[in-house]
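Trainee: Here is what each chain is made of, one letter per residue.
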Amino acid sequence: MSEPRTGVFICNCGTNIANVIDVEAVRAFALTVPGVTVARTYRYVCSKPGQEMIIKDIKEHALDRVVVAACSPRMHEKTFRKACQAAGLNPYMLEMANIREQCAWPHVDGLAATEKALALTSAAIFRVRQQEPLEGLTAEMCPTTLVLGGGIAGMTAALELADGGHPVVLVEKAERLGGNLARVDLTAPYLDSARDLITERITRVQGSSKIKLMLRSQLKSLTGFVGNFDAEIVTDGGGEATARLGNVIVATGYKEFDAARVTHFGYGKLPNVITSFELEKMLTAGRIETREDRKPQYVAIIHCVGSRSAEFHGYCSRVCCMTAIKYAQEIKSAVPSCHVLDIYIDMNAFGKGQEDFYKRGSEAKTMFLMFGKNDYPFIRKADAKDDCDMLLVMDEQLSGKRIEIPADLVVLMVGMEARADSGEVAHLVNISRDKDGWFIESHPKLDPVATTTDGIYIAGCCAAPKDIPDSVAQARAAAARIMGRIAKGKIEIEAVYAEVDEDFCSGCRMCNELCPYSAIEYDEEKKRSHVISAVCKACGACVAACPSGAIKARHFTDKQIFAEIEGVLA
Amino acid sequence: MTFEPKIVGFLCNWCSYTGADLAGTSRIHYAPNVSVIRVMCSARIDPTFVLKALADGADGVLICGCHPGDCHYTEGNYKMMRRFPLLKKLLADYGIENDRVRLEWVSASEGQRFADVVNDMTERVRALGPSPVKMDLATDMAER
Amino acid sequence: MADKKLQLAIYWGAACGGCDVSILDTNEFILDVDKAADVRLWPIAADGKYADVEAMDDGELDVTIMSGGVRNSENEHIAKLLRQKSKIFVAYGSCAYMGGIPALANLVPRDEIFTRAYLDNPSIEPGNQTIPKPETKVNGYDLNIPDFYKRVYKLDQVIDVDYYVPGCPPQPDQCKAAILALVAALTGQADPPPKGAVVGAFERNLCDDCEREKSEKKISRFYRPWEIMQDPKQCLMEQGILCAGSATRSGCGVRCPNSGIPCRGCYGPAPNVLDQGAKLLSAVSSIIDSQDPAEIDEILETLPDFTSFANRYGVAASLLQRSHRQ
Amino acid sequence: MTATVRVNPKLISELQSYGAEDVQNCYHCGNCSAACPYSSEPFILPRMSTRLLQMGLEESLRGNLEPWLCYYCGQCSDQCPRDAEPGATMMSLRRWLTGRYDFTGIARRFYRSWKIELAALIIVALLTGAGLLAYGFLWGGGNLSVFDTGGGQSAFLPAGAIHVVDWVLGLMFITVVLVNMARMWHFTMHAEDIPRASAGAYLRHALLFPLHFFTQKRWAKCDNNMPWLTHLPLMLGYLTMLVLIMFFLEPFQDGPAIDWKLHTLGYLATAGLLVGVWYAVRGRLKKNVPMYRHSHSTDWVFVLLLLAIVATGVLLHVLHRLGFGAAANLTYVAHMMVVVPWMMRFPFSKWSHMMYRPLAMYFAAIQTEALASQSPQLQGGAEDELAPVAEAA
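Residue numbers (this note's numbering), protein chains in the order written: chain A, 596 to 1165; chain B, 76 to 219; chain C, 3 to 328; chain D, 122 to 514.
I should point out that these hints are in silico values taken from the structure, not numbers from a laboratory.
Glycine included, every Cβ here is placed at the ideal spot set by N, Cα and C.
One or more of the hints may lead you astray.
[Said to hold, decoys possible] As a list, the in silico DSSO-like pairs of lysine-lysine whose alpha-carbon atoms are at most 30 angstroms apart:
no.: 1; chain 1: C; residue 1: Lys197; chain 2: B; residue 2: Lys164
no.: 2; chain 1: A; residue 1: Lys954; chain 2: A; residue 2: Lys980
no.: 3; chain 1: C; residue 1: Lys235; chain 2: A; residue 2: Lys1154
[What the hints assert, rightly or not] To list a few chain C residues with every Cβ distance to chain B over 12 angstroms, as calculated:
no.: 4; residue: Asp34
no.: 5; residue: Pro111
no.: 6; residue: Asp122
no.: 7; residue: Gly190
no.: 8; residue: Gln191
no.: 9; residue: Arg214
no.: 10; residue: Ser217
no.: 11; residue: Pro264
no.: 12; residue: Gly279
no.: 13; residue: Ala280
no.: 14; residue: Ala285
no.: 15; residue: Asp291
no.: 16; residue: Pro295
no.: 17; residue: Phe308
no.: 18; residue: Ser320
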């Protein structure tokens, strides 16, 4: 390698750096390091004139490497890479020394800080010497999207994409569309009918020429990477299909909590203790009666069954509170003489229209009784003399009294939990799950529908309990994200990724299990492992683990880091 | 004059390096003895890096990653978590004192924690004195 | 110089002699060597004195093949002497190449070795414990023995080495191939290998040549080879048997794994690896199947003396080279 | 709190007939108790009473003093984010309690239907009227035009006789009220989870009853103490009149000669009554004060009767002094036709709160002390302000 020509630019950052660090000393030092052609200090290297200075020097001094000693690379690396590019230098021939956030600011002793600045700068100069020009890749983006799950989220996403003119494969495990919402009568807080909400979608999905609907079907395998997935889909009764896909939306939904697990309530033993979904059935049928076909005089609704408990799920299932209020009102209108007792921990009535809905619930003379977390009421049969079928005993929090509640019908607001097969699904599409089994988003606030695997999106309750509006919003968001990428046509693949040198790979397969993105494929013929660049996120786990040193982390090679170590300690 | 240890830090880009930046932006002052080398993930840190740093004269090595369960790459930090105890055994067999090499979890929001870790580590290494490796390789050949 | 015979010296430093045996293991090939070369020095085969070597001109020897590293002053003296006298110097075997088994002693300070060997050793007659000194007077005569260095060096830490032949011992075919390559080079029939090259071994790792079936790896406990009935087809590592093959250069013919013994790493690190032990450490620990520190420690408990295993032949060649305990 | 109590979802509806409106809207944010000038440990009003009512815990409600500690300044209702009208709730609870204390059950009937009450009043009024006329003609003076004994003739309705009537009725109803007060004591001071108080405690705080009876000083704590100010003359005027009639009826009614001492008192009292009534009527019409926003039928009966009494009283006096004997006598009969039903209502209506309130203050002080002796952190609080006189005594 011919002697490198490195330009070193030290930023005063106004006085931010210069006040603590003797930038001139850094400059003088840089010039003593072999391979450094020019070294300059400047007030604001990131400013326009600052960047122009770099560009000018690259051209005049034919620099092939640039070191900027300034702020954190997390701050301005992009800026200076652009500058290099503008001067016709590959952006990866730049290295930054972080002498502001990690030197000037946290250190007071100017001498020591300057010492450290020298170390950091020399590390950067040593490193940049080992750096190589890198180019990103591009790949085709297949416009077809696979949607897993035909619930409200799945159907919405599918329609959104289809309406945008893009082909969709909609895979539903059950023999009908609609998911859990199809089991619901009215919806809070506006009491509009769930049936209306979904039938319109079902008919449109079935009618759409863009949507390939596959009922009683499941995803069997998914290989490849964003824009270029290959899916195998199996249908009950032996049908098998394959599809080329660009993206996947996982909208597999949730499963209701099994009320029998909470022993206090004697669900399954006491005939008139039912779950919210069983009540929905009654409401849809329009007849609310006890097992003995009597109109109930007292209906007790118990919240947080399986949710917000130390024993079962710690999280809040989010929709039960308003659903309970909905029941209170529906029951009242069905059986006006009936008294509804709503037994809750906290009333979660966030969001549009919900507080008013709650108030209306109160006006409907619902008796609200508060129990303590993990201090469930327990249910016993009432005595003959009582005017009710069962009695609930609990410590009421707001009055501090131990009370007895008459009930003929007890409704358990069962929470949501991750589906039993969420593990398989996660493994199939290679996304991760949190401790409760919900799929994890790429960023909980800033990137809520994407996942850590590029091209895989999540929508609806498979990510966490949510209500219909949020599920629909997520579905549409996911669809929009995908349409954006389809519109771009091609996908850029970051230049920084790991690659296997097949000459040195011995096929020991130590690395195969290590990749969180399953980016490493093993080629049985060649007996070599291979990294799919598009899937790789460049964490470098495999690189560090490769016992043959056959995997190279582009822009973070052993050579570069060794050089950096030598530089720091030089 | 007191001995100023030279410590090499390997920090993951997403949590710890950002945490270190935060310490700076929030003007939390800490010892200037740790010079940081940025890697994408603590999983990238090859034990070779640690040995090389010591061989090249570092008095200590600090490794920082995201808290377990918090990794940007979902589980990279667990790989470091697995390597570290074995590495510590190896270092012990090579006669490197326990306090010279250290693994800490520092999140992007833990500027203060990073500062505390650096200060504490610096004090411990200062107490140990210069790295035996340093003097040894220098005098080895002569004294045989 | 075709007519002129090849001038060859074979010597040993801190070694067990196995390497010389491996040369003999080339069987009748050794006769061809004898035809082609004057063996000027080879303690196990022919008599020879320091004086004879000292008498040689510099570069008089074409090739010196030295096994063993440098443990004492004699090793160093002769290594330097032979270097001076030869055109090509070959470090032969793991000890010469990386320090080898003797270099394991680098993990223990010298005085501890002496204490163990000359004082605490139960086989020593009580009251007669003595630590040998370089000079002693025995009824009027000066008795000199080499002085025992603080540590073991691989050859190239003491002298300039041209080529390396790894292995403990090197596999006879490889030995043969190496010698032939050198002869070819010296007789101008082929270009010499680049200086510092590892000859008599491949540019790839052992797993590449190992026939055992390999799949994705996760380890929930380690076993010593005798602790389980091993599956003769499956990769030993996957069965929990610590095997250095993945971190070791190939060339031995996979002799150990083929006979159900995990690779010990005698052929040294992969071409572009700095520290064989560290690499093996990184690989092996990465595939431990646990995310819980306590459990990880438990699993590692089933892995006794990893350091010595991972650096069995390479302590002197490892980045830290020796124990630095004071 | 081990005893398990049964909730009763029906009670809340029952309370509606007592004027409770949006009780169930309350979700216990506690703003009301924060705003309430009377709320302090251990009497967290109006939240606790509201809760007990929502849950239909009759037992606990019956033993609850808090409604009486509330003067309906309405600050709670103003603060309520859910328009649960806690003030109105407390008011309705006072009515409900009055009904509960009353052993005859009449109060409950009156509160539940104003028709019954009105009927009862009219009947009593008519009986009174008929009775008096009969008495006047048959056993009294016999001459309708003779009002007082000035002309030597005996009066159509001799003061002595009326006096007896007053006393008989008075005693009758006082007994009823006393019995009800006893019941109140039993309900509240012998309720569950209320520590029994010592006789000493009862003595120590004894002075609180008269103090609050005459001054309602606690009411003055409302930010707006206008209601208290206007209520005071009504109250005092009323009491003065009561005393004059019960003890000085003859000198007050008889003779052409005027006993100025008594009459001045009488005029002042009348003025007081007028002011009070005027303010009450005006308030109930304009609904300018929260306390008047939710008038119950019985409230109207109360003020209207009072108005009638004052009016006829004044008229009768004027006619008498101008010498229109016959007219005066007829007015007198009319006057009595209002007074008697009015007195009869005493134990069964709002009226009786003049006894229950001060009694509640008294009991509250005792309870606070008793509770405080149980849990020290209750030291101070309600006790301080409920027992200023206790120290004085």
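Trainee: Now tell me if each hint is right for this structure.
Mentor: Hint check results:
A hinted pair counts as satisfied when its Cα atoms are at most 30 angstroms apart, and Lys197 (chain C) with Lys164 (chain B) does not qualify at roughly 36 angstroms. For the hint pairing Lys954 (chain A) with Lys980 (chain A), the CA-to-CA distance comes to about 34 angstroms; that exceeds 30 angstroms, so the pair is violated. Taking the CA atoms of Lys235 (chain C) and Lys1154 (chain A), the gap is near 37 angstroms; set against the 30 angstroms cutoff, the hint is violated. At the 12 angstroms boundary, the C-beta of Asp34 (chain C) stays outside the reach of chain B, the nearest C-beta of that chain being 40 angstroms off.
The non-interface label for Pro111 (chain C) is inconsistent with chain B: the shortest C-beta to C-beta separation is roughly 8 angstroms, within 12 angstroms. At roughly 21 angstroms from the closest C-beta of chain B, the C-beta of Asp122 (chain C) stays outside 12 angstroms, upholding its exclusion from the interface. With a closest Cβ-Cβ approach of about 38 angstroms to chain B, Gly190 (chain C) is found to remain outside the 12 angstroms limit, as its non-interface label requires. Every beta carbon of chain B lies more than 12 angstroms from that of Gln191 (chain C), the smallest distance being close to 39 angstroms; the non-interface claim holds.
No Cβ of chain B comes within 12 angstroms of the Cβ of Arg214 (chain C); the nearest lies about 24 angstroms off, and the non-interface call holds. Every CB of chain B is more than 12 angstroms from the CB of Ser217 (chain C) (nearest about 19 angstroms), matching its label as outside the interface. A cut-off of 12 angstroms between C-beta atoms confirms that Pro264 (chain C) is not in contact with chain B; the least separation is 17 angstroms. The beta carbon of Gly279 (chain C) is not kept farther than 12 angstroms from every beta carbon of chain B, the shortest such distance being approximately 7 angstroms.
Here Ala280 (chain C) does not stay apart from chain B, with its beta-carbon only about 4 angstroms from theirs, under the 12 angstroms limit. Against chain B, the non-interface label of Ala285 (chain C) is violated: not every CB pair exceeds 12 angstroms, the least being about 9 angstroms. Distance check on Asp291 (chain C): its Cβ comes as close as 9 angstroms (rounded) to a Cβ of chain B, failing to clear the 12 angstroms threshold; non-interface status is violated. With a cut of 12 angstroms on Cβ distances, Pro295 (chain C) falls inside the contact zone with chain B, its closest approach being about 6 angstroms.
Listed as outside the interface, Phe308 (chain C) is inconsistent with that label: its C-beta sits roughly 6 angstroms from the nearest C-beta of chain B, within the 12 angstroms cut-off. Remark: the non-interface label on Ser320 (chain C) conflicts with the geometry, its nearest Cβ contact in chain B lying 7 angstroms away (cut-off 12 angstroms).
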